[in-house]
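Visitor: Respectively, the protein sequence lines represent chains A and B. Yeah, the first sequence ends on 326 if you go by the numbering used here, and it's all consecutive. Yeah, the second sequence ends on 280 if you go by the numbering used here, and it's all consecutive.
Any given hint might turn out to be false.
[Unchecked claim] As a list, the in silico SDA-like pairs of lysine to any residue whose alpha-carbon atoms are at most 25 Å apart:
1. A/LYS139 with B/HIS9
2. A/LYS95 with A/PHE289
3. B/LYS5 with A/LEU239
4. B/LYS5 with A/GLY134
5. B/LYS183 with A/TYR46
6. B/LYS5 with A/LEU241
7. B/LYS194 with A/PHE39
8. A/LYS270 with A/ASN184
9. B/LYS183 with B/ARG269
10. A/LYS180 with B/GLN233
11. A/LYS139 with B/VAL20
12. A/LYS180 with A/GLY101
[To be verified] Footprint (simulated), chain B over chain A, 3 or more residues, beta carbon under 8 Å:
13. 162–172
14. 204–215
[Stated by the list, open to error] Some chain A residues well away from chain B (every beta-carbon gap over 12 Å; in silico):
15. GLY101
16. PHE105
17. VAL108
18. MET179
19. ARG220
20. GLU221
Simulated from the structure, these hints should not be mistaken for lab results. Beta carbons: idealized from backbone N, C-alpha and C, even for Gly.
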Amino acid sequence: MTHAPSLSPTSPAVPTAGGFFRRFRSAPAEPHFAKRVQFNSPLLPYLFLAPQMAIIFVFFYWPSVQAIQSSFYLEDPFGFGSTFVGLANYTDVLKSGEYRGIARFTAVFTAAVTFFSLAIGLLLAVKADGVIRGNGTYKTLLIWVYAIAPPVAGLMGMMFFDQHIGPLVKFAAVFGWDMKVGLNYNDTAIAMIVVSVWKQIPYNFIFFLSGLQGIPVSVREAALMDCRAGFRRFWTVTLPLLAPTAFFLLIINTTYALFDTFGIIDVMVKDKAANNPISLVYKVYMDGFRGNDLGGSSAQSVILMLVVFVLTIFQFRFIERRVHYN
Amino acid sequence: MHRTKLLDHVILLIGVFIMVGPIVVAFMTSTHEAADIHRNGLQILPGGHMIDTYTTVLTKEGGFTGKITGLRMILNSLILGIGFAAGKIVLSMMAAYALVYFRFRFATITFWMIFTTLLLPLEVRILPSYEVMNALNLTNTYTGLIVPLLASATGTFYFRQFFKSIPDELLEAARIDGAGPFKFFIDVIVPLSKTMIAAIFIIMFVYGWNQYLWPTLMTTDETFFTLVRGIKQILLVWVGSNIPDYNEAFALAILAMLPPVMIIVLFQRWFIKGLTESDK
Numbered sequence: 001m002t003h004a005p006s007l008s009p010t011s012p013a014v015p016t017a018g019g020f021f022r023r024f025r026s027a028p029a030e031p032h033f034a035k036r037v038q039f040n041s042p043l044l045p046y047l048f049l050a051p052q053m054a055i056i057f058v059f060f061y062w063p064s065v066q067a068i069q070s071s072f073y074l075e076d077p078f079g080f081g082s083t084f085v086g087l088a089n090y091t092d093v094l095k096s097g098e099y100r101g102i103a104r105f106t107a108v109f110t111a112a113v114t115f116f117s118l119a120i121g122l123l124l125a126v127k128a129d130g131v132i133r134g135n136g137t138y139k140t141l142l143i144w145v146y147a148i149a150p151p152v153a154g155l156m157g158m159m160f161f162d163q164h165i166g167p168l169v170k171f172a173a174v175f176g177w178d179m180k181v182g183l184n185y186n187d188t189a190i191a192m193i194v195v196s197v198w199k200q201i202p203y204n205f206i207f208f209l210s211g212l213q214g215i216p217v218s219v220r221e222a223a224l225m226d227c228r229a230g231f232r233r234f235w236t237v238t239l240p241l242l243a244p245t246a247f248f249l250l251i252i253n254t255t256y257a258l259f260d261t262f263g264i265i266d267v268m269v270k271d272k273a274a275n276n277p278i279s280l281v282y283k284v285y286m287d288g289f290r291g292n293d294l295g296g297s298s299a300q301s302v303i304l305m306l307v308v309f310v311l312t313i314f315q316f317r318f319i320e321r322r323v324h325y326n
Numbered sequence: 001m002h003r004t005k006l007l008d009h010v011i012l013l014i015g016v017f018i019m020v021g022p023i024v025v026a027f028m029t030s031t032h033e034a035a036d037i038h039r040n041g042l043q044i045l046p047g048g049h050m051i052d053t054y055t056t057v058l059t060k061e062g063g064f065t066g067k068i069t070g071l072r073m074i075l076n077s078l079i080l081g082i083g084f085a086a087g088k089i090v091l092s093m094m095a096a097y098a099l100v101y102f103r104f105r106f107a108t109i110t111f112w113m114i115f116t117t118l119l120l121p122l123e124v125r126i127l128p129s130y131e132v133m134n135a136l137n138l139t140n141t142y143t144g145l146i147v148p149l150l151a152s153a154t155g156t157f158y159f160r161q162f163f164k165s166i167p168d169e170l171l172e173a174a175r176i177d178g179a180g181p182f183k184f185f186i187d188v189i190v191p192l193s194k195t196m197i198a199a200i201f202i203i204m205f206v207y208g209w210n211q212y213l214w215p216t217l218m219t220t221d222e223t224f225f226t227l228v229r230g231i232k233q234i235l236l237v238w239v240g241s242n243i244p245d246y247n248e249a250f251a252l253a254i255l256a257m258l259p260p261v262m263i264i265v266l267f268q269r270w271f272i273k274g275l276t277e278s279d280k
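One chain only, chain A, in its complex shape (with noise of 0.2 Å):
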């Protein structure tokens, strides 16, 4: 059994996103018709597929519509029903400046948080190809916070920018900075966005490296010939072939730092979102499950899926136009 070659786990990394994008393209174009073998039976099909339909319909279909449909209704806080309100919630939400500036915080917090934890993350994973001595080690030590939970990440978090044993802190103060995380606004963004991007600086690293180790050693040594200048040859070689990767990677730091991250989030403002930064998610989670505004809280959950489905489809239609290869 030795002919996929990619299955033996002692074949080199494989240069990563292929399969994303691959699965895309060619998905819609032939679903079925995948072999030219198959079998044909009336039922079984249908029995493989059950218990993965059955959990899709119960689990994100039903819940999906729930959403949508309780968007436009307001519920009684008592419970004795629900009036149709058309589209009064997503006015109410739109107009109160309060989501406004979460949106504002949320834009900004994902658009640093993708920034640093992509350069740190390159950066890392170019030096990492670059050595040979210590390569594996190197390797082993940068990926293992990957493991950390969000939560688990955002406590370590709170006790390195803790006011009384903080180190964080203590390092601000020497450049006269009073850090106050959990009190001062800014202080806490800047602590969280601190957090994420350590969290997710191995992923990254991870995609990098694989994408790196995937370029051929031809196209490396020709690059090494033409163009003697490190930095310059990162730019006008590597770095247009990582685009696949690059590219793909900022898909997945956009969802981390818009959904993923609401563990840190949780733990770093311990409830008490006052006068601390949320995201537009943890908004939703405070709304619905604090504040019993179901009806708000869903017209934010659909404003949140209309904000992903774009996000996605645009950005497959341009992977699709830039990028020819992977």
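Keeping the supplied structure of chain A fixed, place chain B upon it in accordance with the hints.
Guide: Chain B in isolation, oriented as in the chain A frame:
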């Protein structure tokens, strides 16, 4: 040439310091007494209280939470991690098998219905998902903890891609030998997928173990708390206490990261393979 290499090492060492340093400090600090930490800040050298602290965290009831011990939380985390990973693999292998190896009427629509789940993460539909779980009476159950997380179809796409790379000749040969769909699945597809299953299992276990938002919503009964879910409780207990139990908090954080970190370090090759080829 040598000069640049030295600079490379310096940059990498700074990277390692930033990534690993906080974890080392967290561990060292967890071996000191709370009052000691309160007085002297975070520690970089081991203290003498490692065994006391970890025993307390693991076995004492009502430390951070009212009723359960650290051991119970570890057990719950394991149930979530293993249950999620195993469930995901079984479900997605079956679905991918149907999509790739069968010709049937609703293949296209089925494919698109599964595809759509990739576009919307759980976080954007938390409240309605919670309502559905309430309606089904699944809050505070392991089923409610694990099954809804399986609704995203990442695994299905991954296995679909992989099955498509298996040569057609295998199926032809199997059919000449008289193997039916079940036999082909069990005797050919499953053994062929072994390495991929291992890689996906590692990714999914870490993903399941690290779940936070969903367990926070689904479990109000402390006997179902996972370690990661319990983190929130630590901080809530803190508010208002004189000398926070920094040591126990760090000990719990170390325990919460230990299994996934160990798995990633030990099975690094499979982990990277699973991650870079399955995307999520």
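Visitor: Next step is simple, just say for each hint if it's right about the structure.
Guide: Structure-based check of each hint:
1. A/LYS139 with B/HIS9: holds, 13 Å
2. A/LYS95 with A/PHE289: holds, 22 Å
3. B/LYS5 with A/LEU239: holds, 20 Å
4. B/LYS5 with A/GLY134: Between B/LYS5 and A/GLY134 the Cα gap is close to 12 Å, so the pair holds against 25 Å.
5. B/LYS183 with A/TYR46: Holds, because 17 Å separates the two Cα atoms, which is no more than 25 Å.
6. B/LYS5 with A/LEU241: It holds: about 23 Å lies between the C-alpha atoms, which stays within 25 Å.
7. B/LYS194 with A/PHE39: holds, 23 Å
8. A/LYS270 with A/ASN184: holds, 14 Å
9. B/LYS183 with B/ARG269: Violated. B/LYS183 to B/ARG269 sits at ~31 Å, over the 25 Å cutoff.
10. A/LYS180 with B/GLN233: Given pair A/LYS180, B/GLN233 holds - Cα atoms ~22 Å apart, limit 25 Å.
11. A/LYS139 with B/VAL20: Distance ~12 Å between A/LYS139 and B/VAL20 Cα, so the pair holds.
12. A/LYS180 with A/GLY101: holds, 21 Å
13. 162–172: holds (count 5)
14. 204–215: holds (count 3)
15. GLY101: Answer for A/GLY101: holds, closest chain B Cβ roughly 20 Å.
16. PHE105: holds, 17 Å
17. VAL108: Given a closest Cβ separation of 19 Å, the condition holds.
18. MET179: Given a closest Cβ separation of 15 Å, the condition holds.
19. ARG220: The claim holds: A/ARG220 sits with its nearest Cβ about 15 Å from chain B, beyond 12 Å.
20. GLU221: Since the minimum Cβ distance to chain B is about 16 Å, A/GLU221 lies beyond 12 Å and the statement holds.
Consistency with the previously given hints fails for number 9 only.
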